[in-house]
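Asks: Each chain is listed here by its residues.
Number of protein chains: 2
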Amino acid sequence: MKLVVLKFGGTSVGTIEKIKKVTDIIIGYKKRKNKVIVVSSAMSGVTNNLIKKSKQISENFLDSEYDVLVSSGEQVACSLIAGRLNHKGFNSRSWLGWQVPILTSGPHTNSRIKIVNKDKLLRFLRQGGIPIITGFQGVNIDERVTTIGRGGSDSSAIMIAKFFRAQRCIIYTDVEGVYTTDPSKLKKAKKIKVISYEEMLEMASLGAKVMQPVSIQDARLNRIDIEVKSTFKKKPGTLITKRKNINKNRIITGISSTQNDAKVTLVGVKDRPGVAASIFKPLSTNSINVDMVVQNISENGKETDLTFTIKAEDLNKTKKIIQENRRINFRKVLFKKGVSKISIIGVGMITTPGVSFRMFQALANKKINIQVISTSEIKISVLINKKDIKKALVTLHKEFKLQK
Amino acid sequence: MKLVVLKFGGTSVGTIEKIKKVTDIIIGYKKRKNKVIVVSSAMSGVTNNLIKKSKQISENFLDSEYDVLVSSGEQVACSLIAGRLNHKGFNSRSWLGWQVPILTSGPHTNSRIKIVNKDKLLRFLRQGGIPIITGFQGVNIDERVTTIGRGGSDSSAIMIAKFFRAQRCIIYTDVEGVYTTDPSKLKKAKKIKVISYEEMLEMASLGAKVMQPVSIQDARLNRIDIEVKSTFKKKPGTLITKRKNINKNRIITGISSTQNDAKVTLVGVKDRPGVAASIFKPLSTNSINVDMVVQNISENGKETDLTFTIKAEDLNKTKKIIQENRRINFRKVLFKKGVSKISIIGVGMITTPGVSFRMFQALANKKINIQVISTSEIKISVLINKKDIKKALVTLHKEFKLQK
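Line by line, the protein sequences are chains A and B. If you count the first sequence from 1, position 8 lands on 8 in the numbering used here, and the numbers rise without skipping. If you count the second sequence from 1, position 250 lands on 250 in the numbering used here, and the numbers rise without skipping.
It is worth saying that the hints were derived from the structure and are not from the lab. Treat the hints with caution; some may be incorrect.
Copies of the same chain look alike in the list, so a pair counts if it fits in one copy or across any two.
30 angstroms max Cα-Cα, derived DSS-like pairs, lysine-lysine [stated by the list, open to error]:
id, residue 1, residue 2
1, Lys55, Lys234
2, Lys53, Lys18
3, Lys120, Lys53
4, Lys55, Lys31
5, Lys18, Lys401
6, Lys235, Lys248
7, Lys2, Lys387
8, Lys31, Lys387
9, Lys185, Lys162
10, Lys386, Lys55
11, Lys53, Lys311
12, Lys88, Lys193
13, Lys55, Lys242
14, Lys188, Lys270
15, Lys185, Lys317
16, Lys311, Lys233
17, Lys390, Lys88
18, Lys190, Lys33
19, Lys120, Lys235
20, Lys404, Lys391
21, Lys88, Lys190
22, Lys337, Lys390
23, Lys401, Lys120
24, Lys31, Lys270
25, Lys281, Lys235
26, Lys31, Lys281
All chains, full assembly: derive it from the sequences and hints.
Replies: Pasting the structure below:
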């Protein structure tokens with residue numbers, strides 16, 4: 001008998017009608033002779049509403065009480081799912097983090113799951129029960145309620161799948177899977193059938209909001225196969241798996257892009273140890289997210305040019321911070337708005353030479369100027385003018401045959 | 001150092017602003033060198049909203065999941081209170097039923113508190129902490145979340161006061177205390193300073209909605225003095241205490257009345273064992289609440305007349321049930337709408353002869369006809385025409401000098 005872990009996100013259980021729909025999916029798996037463990041998020045909107053309340057109480061709401069507060073959301077969703085399954089004649093019950101228990105360590109609001117205790121759940125599964133486990137939460141050694149950070153229900157499901165050695169972990173959500181690029185930006189975007197953890201990590205951190213990077217990392221470290229699929233449409237989703245399961249002939253898996261960035265270039269920076277840190281520390285302190293960073297080798301070993309990108313909306317704040325920063329010496333600073341980043345991602349590029357050339361050539365053929373280049377093992381990113389982004393997406397999607 | 005238990009009802013913590021107000025009250029007690037334990041209900045409206053959801057899921061929502069569902073409400077309120085106290089610089093934390101633990105027995109949705117474990121709370125109190133305990137809920141021997149019935153946060157506070165031998169248990173609510181009669185019906189109604197458990201029980205079951213009878217009974221059995229007072233007005237409330245603490249000269253403590261009842265009289269009922277049961281069982285099964293019941297002695301030992309009252313809105317349903325009831329024999333049945341019950345309550349009547357005479361005479365002087373009389377040790381109730389109820393209230397309130 002197979003054991004499957006099904007995880008439902010907030011939008012999947014956002015209304016009573018959707019909860020009824022979700023229980024039908026669960027019953028489907030149960031009827032196919034599976035052992036089923038369900039993990040649920042809070043109904044959509046609930047967690048944000050609770051966070052809003054906490055901010056009205058105090059801008060520095062105590063972390064340990066924040067965890068008690070927001071964990072109530074999953075409690076509600078899980079009891080409703082379990083109640084519905086019982087209504088339909090199935091033996092089901094909710095399991096709160098402390099009841100399993102799911103033991104966590106680390107600070108409140110950002111704990112990590114250490115152990116999922118199996119004893120009680122296994123007994124319940126053997127009786128044919130369907131446990132509905134609260135995602136996102138656990139309990140620490142002091143018997144305090146903890147949470148594992150936002151979007152953490154995915155991680156809960158993955159860790160439960162790991163401890164139970166589940167055959168499958170299926171993440172039900174409001175999208176149909178992972179696409180070759182954002183379908184709202186390019187109609188020809190295609191659902192990806194199989195993607196590796198590493199590619200998914202690059203896609204996720206670049207804007208594919210299907211799963212939090214931390215959850216994908218959890219899956220990667222524990223070698224758990226994840227299927228992402230739609231709660232509302234009965235279609236195959238995307239399998240996130242080990243790199244070796246990926247089709248060897250595929251060079252590029254997906255393309256991601258940013259909407260509206262700004263570029264900052266410091267010309268003639270005194271090249272000495274710690275200079276980069278003294279530039280970026282005040283930005284980080286002010287919650288400005290620095291994306292691409294490129295530093296050219298200095299000609300004379302004394303000066304260098306440093307370029308980095310930020311979100312366009314952070315430009316004014318960044319200008320102020322850079323200009324008031326007395327700890328760095330530079331000759332000139334250039335600010336440029338209206339740039340976007342486009343990245344091609346694929347494990348296939350490791351074994352395929354000339355991928356970057358193909359990318360640059362395809363863009364050049366369309367007269368798209370490349371301002372900055374940055375690469376990793378499975379990703380090539382370039383900075384271009386914002387106005388060219390749509391053309392670049394179309395061009396690269398076609399060049400690497402992603403619509404097929 | 002005194003230990004006080006403060007309980008806040010749903011309307012007292014109904015908004016963020018009210019929660020801030022409540023924390024000011026708590027801080028007031030703490031600053032007066034008290035050890036303070038707080039018990040809170042859910043924010044008003046929250047529990048009803050959750051119950052509504054459960055009914056949308058299933059008309060027969062599983063009791064054990066109902067408890068998980070609704071107990072989330074107190075969790076939210078308590079974390080917000082604790083968060084606010086920390087914001088104000090006080091050491092406070094929420095304690096969920098299972099964390100204390102508050103051990104209960106009995107069925108889900110209607111459990112009873114058996115033990116309030118003191119160890120962890122005492123340690124926290126010794127560190128100067130202010131525990132905020134979720135009312136209404138506990139945990140059973142199987143580590144399942146339980147609730148103790150609606151309005152049960154009062155009982156939680158009383159049981160906590162008992163186990164901690166608290167000097168005082170103060171129920172903060174949206175009324176200023178218990179009144180000689182309903183102030184919305186009689187402007188001259190006065191707040192009662194001290195009332196016995198027994199009087200309060202008669203007042204409560206007759207419609208004074210300050211505390212649930214079951215909570216008053218808990219206080220009575222455990223000899224806990226309760227003060228009921230307003231969260232929003234800084235005024236003395238009502239002390240509910242042992243009978244011996246009541247002023248011996250006071251004959252009547254309060255007057256309660258019903259709005260709109262109906263009277264049913266079965267004439268010529270065959271007088272044999274079990275006949276009353278066979279009349280009232282089908283009414284009870286149909287959730288019709290029978291109030292006064294008066295049976296006359298039968299003249300010949302074979303037949304009797306039986307009169308009882310019900311709420312006016314239940315009359316049609318009652319007619320149908322009585323007329324279709326084949327298990328009882330009677331000659332005639334009379335139904336009468338438009339009646340009300342008025343009751344005078346006071347432990348003083350036990351030692352004062354002639355109280356009932358004074359009541360009947362006062363009503364007779366105002367030409368108010370008495371249709372049915374029923375008495376208990378500390379209460380005399382009469383049934384009169386609904387149109388006379390205001391006049392009767394004024395008359396009896398004056399007769400027994402309750403406005404002074």
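Asks: State for each hint whether it applies.
Replies: Here is how each hint holds up against the structure:
1. Lys55 <-> Lys234: between (39 angstroms within a copy, 28 angstroms between copies)
2. Lys53 <-> Lys18: both (25 angstroms within a copy, 12 angstroms between copies)
3. Lys120 <-> Lys53: between (35 angstroms within a copy, 28 angstroms between copies)
4. Lys55 <-> Lys31: So Lys55 and Lys31 pass the 30 angstroms test across copies only (26 angstroms; inside, 45 angstroms).
5. Lys18 <-> Lys401: neither (37 angstroms within a copy, 61 angstroms between copies)
6. Lys235 <-> Lys248: within (25 angstroms within a copy, 80 angstroms between copies)
7. Lys2 <-> Lys387: neither (51 angstroms within a copy, 72 angstroms between copies)
8. Lys31 <-> Lys387: neither (53 angstroms within a copy, 64 angstroms between copies)
9. Lys185 <-> Lys162: neither (36 angstroms within a copy, 65 angstroms between copies)
10. Lys386 <-> Lys55: neither (36 angstroms within a copy, 52 angstroms between copies)
11. Lys53 <-> Lys311: within (29 angstroms within a copy, 42 angstroms between copies)
12. Lys88 <-> Lys193: Classified as neither; 33 angstroms inside a copy, 53 angstroms across copies.
13. Lys55 <-> Lys242: Neither way: Lys55 and Lys242 sit 41 angstroms apart in one copy and 44 angstroms across, limit 30 angstroms.
14. Lys188 <-> Lys270: neither (47 angstroms within a copy, 86 angstroms between copies)
15. Lys185 <-> Lys317: within (28 angstroms within a copy, 64 angstroms between copies)
16. Lys311 <-> Lys233: So Lys311 and Lys233 fail the 30 angstroms test inside a copy (34 angstroms) and across (52 angstroms) alike.
17. Lys390 <-> Lys88: neither (49 angstroms within a copy, 52 angstroms between copies)
18. Lys190 <-> Lys33: neither (33 angstroms within a copy, 68 angstroms between copies)
19. Lys120 <-> Lys235: neither (34 angstroms within a copy, 52 angstroms between copies)
20. Lys404 <-> Lys391: Within one copy, since 19 angstroms is at most 30 angstroms while 88 angstroms is not.
21. Lys88 <-> Lys190: This pair counts as neither: shortest intra-copy Cα distance 37 angstroms, inter-copy 54 angstroms.
22. Lys337 <-> Lys390: Answer is within: at 17 angstroms inside a copy they meet the 30 angstroms cutoff, but 78 angstroms across does not.
23. Lys401 <-> Lys120: Close neither inside one copy (50 angstroms) nor across copies (64 angstroms); limit 30 angstroms.
24. Lys31 <-> Lys270: neither (68 angstroms within a copy, 59 angstroms between copies)
25. Lys281 <-> Lys235: Classified as neither; 46 angstroms inside a copy, 56 angstroms across copies.
26. Lys31 <-> Lys281: neither (55 angstroms within a copy, 43 angstroms between copies)
Taken one by one, the earlier hints fail for this structure at numbers 5, 7, 8, 9, 10, 12, 13, 14, 16, 17, 18, 19, 21, 23, 24, 25, 26, listed in ascending order.
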